[in-house]
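Sequence lines, in order, name chains W and H.
Read in order, the letters of the first sequence correspond to residues 2 to 324 in my numbering.
Read in order, the letters of the second sequence correspond to residues 109 to 647 in my numbering.
Worth flagging that the hints you see were computed from the coordinates, not collected in a lab.
There's no promise every hint is true.
[Unchecked claim] With a cut-off of at most 30 Å between alpha-carbon atoms, the simulated DSSO-like pairs for lysine-lysine come out as follows: (1) K330/H with K322/W; (2) K401/H with K371/H; (3) K322/W with K512/H; (4) K314/W with K485/H; (5) K627/H with K330/H; (6) K322/W with K197/H.
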Amino acid sequence: MEALSGFFAILDATLRVSTPLILAAMAGLFSERSGIVDISLEGKMLASAFAAAAVAAVTGSAWLALGTGMLVGVVLALVHGFACITHRGNQVVSGLAINILASGLTVVLGIAWFAQGGQTPSLGSDARFMPLELPLAEAARAIPVIGTFYADVISGHNVLVYVAWVAVFATWWVVYRTRFGLRIRAVGENPLAVDTAGLSVSRLRYSAVAICGALSGIAGTYLSTAQNASFVREMTAGQGYIALAALIFGKWRPVPAMLACLMFGFLDAVAIRMQGVVLPVIGEVPVQAIQALPYILTVILLAGFIGRATAPKAVGIPFLKER
Amino acid sequence: MVDINDADAGGGTSVNPPAQSGDDSLAIELRGISKRFGAVRANQNIDLKVARGTIHGIVGENGAGKSTLMSILYGFYQADSGEVLINGKPVAIHDSSDAIAAGIGMVHQHFMLVDTFSVLENVMLGAEGNALLSHSASAARKELQRLADEYQLSVHVDSLVSDLPVGEQQRTEILKALYRHAEILILDEPTGVLTPQEADQLFVVLNALKERGVTVILITHKLREIMDVTDTVSVLRMGEMVSHLNTRDTSMSELAELMVGRKLESRNYHRDGPLPPATGEGIEVVNLGVIDKSGKQRLKNLSFEVKRGEIVGVAGVAGNGQSMLLEVLSGISLPTTGHFVINGQKASADEPVSPSRMRELKVQHVPEDRLKLGLVKSFTAAESSVLGYQRARRFNLRGLLKLKTIRATCRRLMEGLDVRPADPNLKSASFSGGNQQKLILARELEREPEVLLVGQPTRGVDIGAIELIHEKIIEMRDKGCAILLVSVELDEIMSLADRIIVMYEGQIVAEVNGRDANKTQLGLMMANAHQEPVQDSVA
Numbered sequence: 002m003e004a005l006s007g008f009f010a011i012l013d014a015t016l017r018v019s020t021p022l023i024l025a026a027m028a029g030l031f032s033e034r035s036g037i038v039d040i041s042l043e044g045k046m047l048a049s050a051f052a053a054a055a056v057a058a059v060t061g062s063a064w065l066a067l068g069t070g071m072l073v074g075v076v077l078a079l080v081h082g083f084a085c086i087t088h089r090g091n092q093v094v095s096g097l098a099i100n101i102l103a104s105g106l107t108v109v110l111g112i113a114w115f116a117q118g119g120q121t122p123s124l125g126s127d128a129r130f131m132p133l134e135l136p137l138a139e140a141a142r143a144i145p146v147i148g149t150f151y152a153d154v155i156s157g158h159n160v161l162v163y164v165a166w167v168a169v170f171a172t173w174w175v176v177y178r179t180r181f182g183l184r185i186r187a188v189g190e191n192p193l194a195v196d197t198a199g200l201s202v203s204r205l206r207y208s209a210v211a212i213c214g215a216l217s218g219i220a221g222t223y224l225s226t227a228q229n230a231s232f233v234r235e236m237t238a239g240q241g242y243i244a245l246a247a248l249i250f251g252k253w254r255p256v257p258a259m260l261a262c263l264m265f266g267f268l269d270a271v272a273i274r275m276q277g278v279v280l281p282v283i284g285e286v287p288v289q290a291i292q293a294l295p296y297i298l299t300v301i302l303l304a305g306f307i308g309r310a311t312a313p314k315a316v317g318i319p320f321l322k323e324r
Numbered sequence: 109m110v111d112i113n114d115a116d117a118g119g120g121t122s123v124n125p126p127a128q129s130g131d132d133s134l135a136i137e138l139r140g141i142s143k144r145f146g147a148v149r150a151n152q153n154i155d156l157k158v159a160r161g162t163i164h165g166i167v168g169e170n171g172a173g174k175s176t177l178m179s180i181l182y183g184f185y186q187a188d189s190g191e192v193l194i195n196g197k198p199v200a201i202h203d204s205s206d207a208i209a210a211g212i213g214m215v216h217q218h219f220m221l222v223d224t225f226s227v228l229e230n231v232m233l234g235a236e237g238n239a240l241l242s243h244s245a246s247a248a249r250k251e252l253q254r255l256a257d258e259y260q261l262s263v264h265v266d267s268l269v270s271d272l273p274v275g276e277q278q279r280t281e282i283l284k285a286l287y288r289h290a291e292i293l294i295l296d297e298p299t300g301v302l303t304p305q306e307a308d309q310l311f312v313v314l315n316a317l318k319e320r321g322v323t324v325i326l327i328t329h330k331l332r333e334i335m336d337v338t339d340t341v342s343v344l345r346m347g348e349m350v351s352h353l354n355t356r357d358t359s360m361s362e363l364a365e366l367m368v369g370r371k372l373e374s375r376n377y378h379r380d381g382p383l384p385p386a387t388g389e390g391i392e393v394v395n396l397g398v399i400d401k402s403g404k405q406r407l408k409n410l411s412f413e414v415k416r417g418e419i420v421g422v423a424g425v426a427g428n429g430q431s432m433l434l435e436v437l438s439g440i441s442l443p444t445t446g447h448f449v450i451n452g453q454k455a456s457a458d459e460p461v462s463p464s465r466m467r468e469l470k471v472q473h474v475p476e477d478r479l480k481l482g483l484v485k486s487f488t489a490a491e492s493s494v495l496g497y498q499r500a501r502r503f504n505l506r507g508l509l510k511l512k513t514i515r516a517t518c519r520r521l522m523e524g525l526d527v528r529p530a531d532p533n534l535k536s537a538s539f540s541g542g543n544q545q546k547l548i549l550a551r552e553l554e555r556e557p558e559v560l561l562v563g564q565p566t567r568g569v570d571i572g573a574i575e576l577i578h579e580k581i582i583e584m585r586d587k588g589c590a591i592l593l594v595s596v597e598l599d600e601i602m603s604l605a606d607r608i609i610v611m612y613e614g615q616i617v618a619e620v621n622g623r624d625a626n627k628t629q630l631g632l633m634m635a636n637a638h639q640e641p642v643q644d645s646v647a
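Using the sequences and the hints, build the whole thing.
Laid out in structure tokens, this is it:
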């Protein structure tokens, strides 16, 4: 029983840690499926996290914070789109520029507005997304294993965690079951086919990029107003890149990408749990080694364990109409 | 240029297009379409009338402006002047959706299909009708079935496009157009990628479309197809319409002359007498064999020789070892067994000779695949014109390229073989196939080869340029160069080669005298179906 509740605690943490990854991976999926490489997930999350925390600190409203976070995400996505779609710029360079911009601007604005060394003031519980008790969670505890799983793992998260799950399903449905999804997939594979079918390549790519911005906005908001209670400089700490890696693991498909995010989240949760634990033979594992574990595994897995990942064929190539 | 203009200004109106008056009987009418790219006049004052329910051919050499004209019709480009009338009414076509709305469907030379989609998804794309795919899919499936029955366009609706043979991909493109209710179907070089059987099947479909009142425009440079399937034909030359004709009133030779703008003589290049018996050997191949990495026997027991001043043609259906033979002789690939002596240098598996050593030996190679082995597409013509010789003292000053010399040399090469445009700073990719080929040929001939290996010298090359390339090859022969000519064009081999060897599955199955060869016999040999023993056919 002790072991089980410990395991459930890790699963519970897994969900919390993987939420921003899942949201960012779905964001990246829209963008990359439409043919636009997006390494600026990181920057968009960071900027949104800052914007959301700042608005929450000033207005005290978590929902207003979410709206602002999404708005900032969309604006940055449109900047990326303007560079890559309208002006056919290099998508990696543009993404990198947004990351650098976000990293610098959040700190500069943070110092200018709040004078706390780049942090935002810590938020009270009203200004944050707080854990929700799902219906019947307490009653379900009576049922062994399944009931406790429901009460301890499924229930008790903030609303954005559930939004992330819905986002996975919604992404799958939009991409595979709707006309818009068909067009998005087509434009990432062969934009010329889309153009000759009488559709606008730019309009499709702009919409995909905008959806990407909104989803990364939610991911950023989650970091500063749900998982934590303030913005801290560089708080994304590479999660945008991890999400991108998960997207590649998942071969640009929603459910496999989510599973990859959960795996990264699980590794992270284990790493937190292992801190200070004395293992037989090895002894106490240094904190740094444990924290590095997810990244080391990322490298190993990316290097050879996922097989061939075929990207959308036109990803990264600016569309030029004239032949 | 000037007299062509004059002729056209006078002739453009007086030439009677085959379609008779009555505007609304015309599916398409173009009036005075002009388009220029910088200094290049791609289309100049083009008039065209195509009657509804006919098959109309448009012929012209590469770069004559066919593709530009069709791109204007499909909204890729905007014409600088002129108007387009569909069913007698002027329309403005700014993009593909305008063209589709006007009832125009286009089958591009390079298919506009999403490889990872099924046929059904490809057909639906852009014409889904409903925001939910499941609704659109069932409607599309029903409609596709109807179209397939009506026009004999059978396709596997749920297969991925990438799994389909080329012919079926093309049918998917036609279905895409019909699904959008196209009444005018434009096909750009549709048979370039098809086998003869697939091409025949396509023509059956086109005739079925015509019977149902669809207007078909067929763009091609294959005159036989024009003669076989079209009702009327227009000829484009250097951006201008030079003639509109009824197909039944014309002939292939007339069309060819109109395309090129001058008379084409079929020439006999064969030398008058046999070579003197004491002539030295340029290439001697002894029991040559190649087994590739996958263990497949690519060449088997080849033995032949090419004397100086002789052209030996290698005939065969593509993929029967000819490419490998060229690669081995030019030093790119190693033989597994046997050896060969080329311009006095012996080479075998134990004594490999590198391509650059071959160049030093004055063994020059004009490769079959000019875009892969002949030049670098993104290089300028000047850079491509010294590929393989970039280390030569003339072009290289201890590591630094002598750009001025390179450009000057390139310009001289271009003038020598009439490469157009003669601009060394242009990207190699922006030249037409014929001009790329002429540049490569000029580069290799510049070294005064003693042995010349030529692969498919006129593949994708205009009629006019073909003549020039053939003359150059003959000129080299007369200078005493030993020439091995690989080509899938039987006419080419028959008119140039002194002797012809026929390859089948990596072996030589027959050898005939070039002067006595006939096409039927060669065709049978290429399929290894000739009855007579090899000895009888050797002169």
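Here is what the structure says about each hint:
1. A hinted pair counts as satisfied when its Cα atoms are at most 30 Å apart, and K330/H with K322/W qualifies at roughly 28 Å.
2. Between K401/H and K371/H, the direct Cα distance comes to roughly 50 Å. Violation of the 30 Å bound is thereby established for this hinted pair.
3. Distance restraint check for K322/W and K512/H: the Cα-Cα separation of roughly 35 Å exceeds the 30 Å cut-off, and the hinted pair is therefore not satisfied.
4. As the CA atoms of K314/W and K485/H are separated by approximately 21 Å, the hinted pair is consistent with the 30 Å bound.
5. Distance hint between K627/H and K330/H is fulfilled; the C-alpha atoms sit about 19 Å from each other, no more than 30 Å.
6. Among the hinted pairs, K322/W with K197/H is consistent with the structure: their alpha-carbon atoms are about 28 Å apart, no more than 30 Å.
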